[in-house]
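What follows is each chain in one-letter form.
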Amino acid sequence: MKKSVFFGALAATTVLAGSAFAGTLDDVKARGELICGVNVGLTGFGAPDATGAYVGFDVDLCKAVAAAVLGDAAKVKYVPTTGETRFTALASGEVDVLIRNSTWTFSRDTDLKFDFVAVNYYDGQGFMVKKDLGVSSAKELDGATVCIQTGTTTELNLADFFKSNNITYTPVNVADDSEALRQYDAGACDAYTTDASGLAASRASLASPADHIILPEIISKEPLGPVVRHGDNNWGDIVRWTYYALLTAEEKGVTKANIDQVASSTTDPEIKRLLGLEGDMGAMMGLDKDWSRRAIAVSGNYGEIFEAHIGTSTPIGLARGLNALWTQGGLQYAPPIR
Amino acid sequence: MSLLYIRKDMLGPSAPPASQTGAIRWLRENLFSGPVNSILTLLAIYVLYALISLSWPWLANGVWTASSLQECRSIVAASAGPDAGGACWAMIHERWHQFIFGFYPPDLWWRPILAFGLLFVALAPVLYADNKSAMSKLCGLIGVLAVLCLIGADGFSFHTVLAIALFAGLTAFAATKPRALLTVTILFPFIALWLLWGGSIWGPITALLGFMVMAMIYSLIAPKLGPVMGASLGFIAACLWWLFLQSYVSEAWQALLPLELTYVTSDKFGGFLLAFVIGVASISISLPLGILLALGRRSDMMLIKTLSVGFIEFVRGVPLITMLFTASLLLQYFLPPQTKFDLILRVVILVTIFSAAYNAEVVRGGLAALPRGQYEAADALGLDYWQAQRLIIMPQALKISIPGIVSTFIGLFKDTTLVSFVGLADPLRGITTIVRADINWKGIYWEPYIFVGGIFFIVCFGMSRYSMYLENKLKTDHR
Chain A
1 MKKSVFFGAL
11 AATTVLAGSA
21 FAGTLDDVKA
31 RGELICGVNV
41 GLTGFGAPDA
51 TGAYVGFDVD
61 LCKAVAAAVL
71 GDAAKVKYVP
81 TTGETRFTAL
91 ASGEVDVLIR
101 NSTWTFSRDT
111 DLKFDFVAVN
121 YYDGQGFMVK
131 KDLGVSSAKE
141 LDGATVCIQT
151 GTTTELNLAD
161 FFKSNNITYT
171 PVNVADDSEA
181 LRQYDAGACD
191 AYTTDASGLA
201 ASRASLASPA
211 DHIILPEIIS
221 KEPLGPVVRH
231 GDNNWGDIVR
241 WTYYALLTAE
251 EKGVTKANID
261 QVASSTTDPE
271 IKRLLGLEGD
281 MGAMMGLDKD
291 WSRRAIAVSG
301 NYGEIFEAHI
311 GTSTPIGLAR
321 GLNALWTQGG
331 LQYAPPIR
Chain B
1 MSLLYIRKDM
11 LGPSAPPASQ
21 TGAIRWLREN
31 LFSGPVNSIL
41 TLLAIYVLYA
51 LISLSWPWLA
61 NGVWTASSLQ
71 ECRSIVAASA
81 GPDAGGACWA
91 MIHERWHQFI
101 FGFYPPDLWW
111 RPILAFGLLF
121 VALAPVLYAD
131 NKSAMSKLCG
141 LIGVLAVLCL
151 IGADGFSFHT
161 VLAIALFAGL
171 TAFAATKPRA
181 LLTVTILFPF
191 IALWLLWGGS
201 IWGPITALLG
211 FMVMAMIYSL
221 IAPKLGPVMG
231 ASLGFIAACL
241 WWLFLQSYVS
251 EAWQALLPLE
261 LTYVTSDKFG
271 GFLLAFVIGV
281 ASISISLPLG
291 ILLALGRRSD
301 MMLIKTLSVG
311 FIEFVRGVPL
321 ITMLFTASLL
331 LQYFLPPQTK
341 FDLILRVVIL
351 VTIFSAAYNA
361 EVVRGGLAAL
371 PRGQYEAADA
381 LGLDYWQAQR
391 LIIMPQALKI
401 SIPGIVSTFI
411 GLFKDTTLVS
421 FVGLADPLRG
431 ITTIVRADIN
441 WKGIYWEPYI
451 FVGGIFFIVC
461 FGMSRYSMYL
471 ENKLKTDHR
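Order-wise, the sequence lines are chains A and B. Going by the UniProt record's numbering, the first sequence opens with residue 1, and the numbers climb by one from there. Going by the UniProt record's numbering, the second sequence opens with residue 1, and the numbers climb by one from there.
Worth flagging that the hints you see were computed from the coordinates, not collected in a lab. All figures in this text were calculated on a predicted structure; none of them were measured in a lab. Keep in mind that a hint or two might mislead.
Cut-off 25 Å, straight-line C-alpha distance, at most; resulting in silico cross-link-like pairs (SDA-like, lysine to any residue) [said to hold, decoys possible]:
id, chain 1, residue 1, chain 2, residue 2
1, A, K29, B, Q332
2, A, K77, B, F341
3, A, K29, B, D342
4, B, K305, B, L225
5, A, K139, A, I214
6, B, K268, A, G93
7, A, K221, A, Q328
8, A, K272, A, D260
9, B, K268, A, G71
If you want the footprint, here are the derived chain B segments under chain A, 3+ residues with CB under 8 Å [said to hold, decoys possible]:
id, segment
10, 95 to 104
11, 413 to 423
Some residues of chain B that are not near chain A, with every Cβ distance over 10 Å (derived) [as the list claims (entries may be wrong)]:
id, residue
12, G12
13, I52
14, D107
15, A168
16, A180
17, I191
18, W241
19, V315
20, I344
21, W386
22, R390
23, S407
24, A437
25, L474
Note that CB positions come from ideal geometry on N, CA and C, so glycine has one too.
Chain B extracted, bound-state conformation (with noise of 0.2 Å):
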């Protein structure tokens, strides 16, 4: 008789084969899955491999304190053997400012670094909507990165002090009140403007009054006549206040109560001062100028869609370079002489009309997805017009456009460093071309590009990121 063994617990689990755990799966499963991808990735190391290798010993010779590339190149020389490259960072080392403020004066300084502050703060609520930690958090660690400039600009100065101030005061803000933070938003172009240019800060006030003016024209018209007819009797009187009353209105204020700080000349920006001032502000007149051209160009009042089809296709069929050279040169020949129009204002206006046609088109890409039924719907409802675009079609189209609007905005602020051509000094080329002709520096080459390549890189790409978590946040469907 035999007796049966019958186990009565199980068996515990087996360690997987060592091919099919950890590491080794996963680089037979991502990159040797196959030859054709063995090949391909063993082709891919050693490229890696031969980039690194070439360019390692260039970057780890890099020598940060000298006078000129003559010294540099003997510092390499001296540490590394005769016929070793080195980079030569002492150049950003020793003309960064012109990389970042260009010609602005250095006592001044404060005024950029606090008006760069403020443009977070003034974005914290567009960005954020009603996200109150995101908001906070962002102002908090923007007022902590200013106030740090400033002492590294300034030292520990009264700027310093008023700035801990403000940006203490608007991060609490931010965590409890985050709606009033939009009152920053509004009034940021004109404490920018002023913070950077100076002059009486009654310019700028004044300059806010015609919006006002603009605004009461609205309310009083709006219901009578239409939200159309308002809004451009209001342009218009804006536009009269502009013209010929705003300077005696200031000059009166500036009379009676002297409030400035030191005019700075248009020709002492340059660097990536210049390039936040004209895409920044590109960017943000050119989002709703190009909505606005979208809806108009999917009107049916035959005037408006034809203006709009013509404005867009026009701009969009002129290359960018010819509008700066007809900012630069050829507006002087229009306007009567010694005017004094600014070039970075031409500038700024003819590089916000050039992406306003491409955000328009971006926008009508974005309205045009929308389906027929969601236009319906808000005919259904009893919607008027305005009203139907801004709570039923803008929402979507915009969240469909997300995408599309900031590689738009992220084209534009690269695009930025093409002023060069019409003499302004921007970052990449105008600035890298005047520590060129320095006799000390003259001959460096890949040591600018890679510091303005990589502020470059951080600022687009911080959009991108941006903008998926945007589209990520907004997320609707049920995929």
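Isolated chain A (complex conformation) (with noise of 0.2 Å):
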């Protein structure tokens, strides 16, 4: 008897716990706040800075879907994930999105019960080498001995990689990163493989970075985006749109610089919607209808954050490739806001 009570309470609870998940949107309102999950600390795409704010590429997302939801980029709050904590972060209703690097995968997707909304940056894995082994594929490695992040996808697609290439490796395992490029610098293996934004960082912070070069094949797929809760579409369809009204923003010219210029002078129709000047699109999903114009504000159009926190003019010189616009031989690409 009084275990079916208790079974009962604990159902109650979960029942409880998901209606509470329903309105995300809701919730974020009443809070006035914006909960984040972001990086603990990763190069260009999310950290503290000096003065202890968060910047950078999913940073800038964050404040954009801060800024359609609530009017105000300012309130997000930043809870720091690691890579064990963030999906049950996420879960558990600690975090109402989470924007940090994750790798979108079928397993994530379905098993763990959470929705990637859109992939904001196109990552994959890849090869730094001194330049002076002389080696100009990865498929020329060859009894090399590789720096690898234990614990991570990397490592398994390395073994895919040198496996179906019939070439062999010497794994040296290391924790992290600055451990890998400590190992790497000092010679303790010929090559350094992790995901190839991360490798192009590592570079940059090298003591002659034109010593050592980044090969070119990529051996993943690494489609790293915003990932909220199963069961919530609407909120769901909040973060996907910020991102895409970033992306058509870009595609439209439309910058931080120019939005009220355009917007007061625009003839184009596409513009008109994305800006809020023509039609209801907020409404649609329970928002207003300036609330793409508050997210370009923040921090510009999608190509605007790129070149500021991880482009070719910040040391850490990522091209665009795979993150150019489709329109420029790139996957990002906005499904039409009508």
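Two chains, two frames, a set of hints: combine them into the complex.
Okay, here's the thing in structure tokens:
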């Protein structure tokens, strides 16, 4: 008897928990603050600066969502999440949205009950070697020692790649990026493999970056994007379309600097819809008319955010590559806003 | 006839052979007393030489002012040649505040500094019992240091004047009425809580009232129903106060007399501030808890004994990391959604529980080392259980356990760095990762570890020296 009461209470709690998650938008509005799960520190993508303020490519998307929903990009609480805690933090409702370099995979989407609402960065695993090794392709790395972070998918990708090319390697296991860089720099391994975006930042931090090259092979697909919980599609829509608004803005040449001028002079119906001058797009997801305009005004369109934090003008110096707009040969493609 | 020569006065002592005096003798006795020792000495000298010759240029070429690792490298290359290595201390120079305070707002740094100074004042009567001169020296020294830090952080402001007056007063107290400082010790947790997190002052005061409720109920009930009943009823009453009444009373007072500091949220805590908050809170709660558990484990009462044994064995059987993950992840699932249960508080509770179980076993070792006669003597004197524990058993058992207790504390303090696994910004890994994520400092490796390791060493070495002092002071045997 007692037991059934206990389980009843447990079930009731679960139902309550479910219902509380149902309206993330209402929760965020009531709280007056967006809780965004971010990286504890990843160069260019998300980390606190010297004053403790979070900056980065992923962080700017958090700000854009906050601006769209709450009207103020500063109303974000950043919760640092590690590789171990990130998904539990999202599933338990501790964060509203997770924007921290999480790879979209089948099992995370289905089994963990998340929705990857968009891909804001197409990454892939690559190799960095010293120039004087005389290697120009990863397929020539037969017998090489490779520095690899343990417990990540990169480890499995590496094994697959070498096996499928019938070549051998000796792994040098390291715990994190700084240690890997240390080992690589000290000559403990011939090649260092991790996500290409991370490699670029690592290469930039070496004493003489020109002595090191990143090999052309990308051996895995790592689509990174914002993640929300299953079951609250409206909230997922808001995050997704905030991101697509930034993309569309780049496609249409709307920037942080010219947004007001464009809004007052444009005749393009698509820009009018994007900026909320025509139709009532915001109301369809429970927001006001100016949601996208505010989101773009925070740190500019997708291209501007990219250039500000990780683009070729920064020391990290990543080229747009796969992340160029579809009109420029990349994969970034926003569905029409209509 | 021959005249015998008789020496009338003693010959002066001749100097000992060169091999038996001064440095040479010392060397012979300590370093070269035999072939094996000679070889080991030479080896050790070689290793030392190798280590120093490797690291000295790196340390000597250190750069203190630069804005990025690349700039450090170019400065080193310009001053010591292109192949020379050099430490880049400029990173510490630029980011030291994050290692110390985390993200605590700079204009509020005076609050943690003041709390840290008061911590030592609060510790003084515990550390030095009735030793007036040691207490007043400690208070004075800490006062001077705290004021210097405040001037450094804040300039000469109102807080500095306040701190000078406060520490001068406390030092005077320590020199004249050392017992009175115990009040500071009792009030310190509430003062520190208020200083660090801020908010309304009525929160900590009404929380303190909860303990007063507990004490009152205890003093009413204990004479009639015994100390255990008194303590547990008092505890229940205090919990009721905290859960249901406290918030209303504190809000009412706040409305009546608003007195508050800017509220600082827990996610601003980091670096050594975080390590000290977790370390000090856990250490000070886990010792009494550990003693109670040790007594529980040796108790004759079946239920208490089983519970204590079960608790200790369960907690000791689980790694600390598991407990931390429980604190940060699992509790979120069990608690109702939207519950605001502070992550630092969760971690403190779990770390306390962990260290209490270890302390319990250390104290039990001390209890077991006492001869049976001591217990029987206490019984023969007609002391009841708690009197016997307080007057006869504990003073001896704790004295035996000092080294073990202190090493648990040192371990606990160092374990606070593990909180980086649950996303808190501990000084060793958390802040270091954040600093390295800045493209200017990416690739820096040894410097943050040396800096943080150095501070940890000072703190832990201090604890260990204090425990040796205490052992010496309490030594009563006749060896």
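Hint-by-hint comparison with the structure:
1. A:K29 x B:Q332: holds, 21 Å
2. A:K77 x B:F341: holds, 16 Å
3. A:K29 x B:D342: holds, 21 Å
4. B:K305 x B:L225: The given pair, whose Cα atoms are some 21 Å apart, holds under the 25 Å limit.
5. A:K139 x A:I214: Distance of about 13 Å is within 25 Å: holds.
6. B:K268 x A:G93: holds, 21 Å
7. A:K221 x A:Q328: holds, 20 Å
8. A:K272 x A:D260: Answer holds: A:K272 to A:D260 is near 12 Å, not above 25 Å.
9. B:K268 x A:G71: holds, 24 Å
10. 95 to 104: holds (count 4)
11. 413 to 423: n = 4 at 8 Å, threshold three: holds.
12. G12: holds, 65 Å
13. I52: holds, 20 Å
14. D107: Given that every Cβ of chain A is farther than 10 Å from that of B:D107, nearest at about 12 Å, it holds.
15. A168: holds, 34 Å
16. A180: Fine: 40 Å to the nearest Cβ keeps B:A180 off the interface.
17. I191: holds, 25 Å
18. W241: Fine: 26 Å to the nearest Cβ keeps B:W241 off the interface.
19. V315: Label holds. Min Cβ-Cβ 21 Å, cutoff 10 Å.
20. I344: At roughly 13 Å from the nearest Cβ of chain A, B:I344 sits farther out than 10 Å, so the non-interface label holds.
21. W386: Answer for B:W386: holds, closest chain A Cβ roughly 36 Å.
22. R390: Non-interface label on B:R390 holds, nearest chain A Cβ at 41 Å vs cutoff 10 Å.
23. S407: holds, 27 Å
24. A437: Violated, since 3 Å does not exceed 10 Å.
25. L474: holds, 43 Å
Checked against the numbered hints above, the structure breaks only hint 24 and satisfies the rest.
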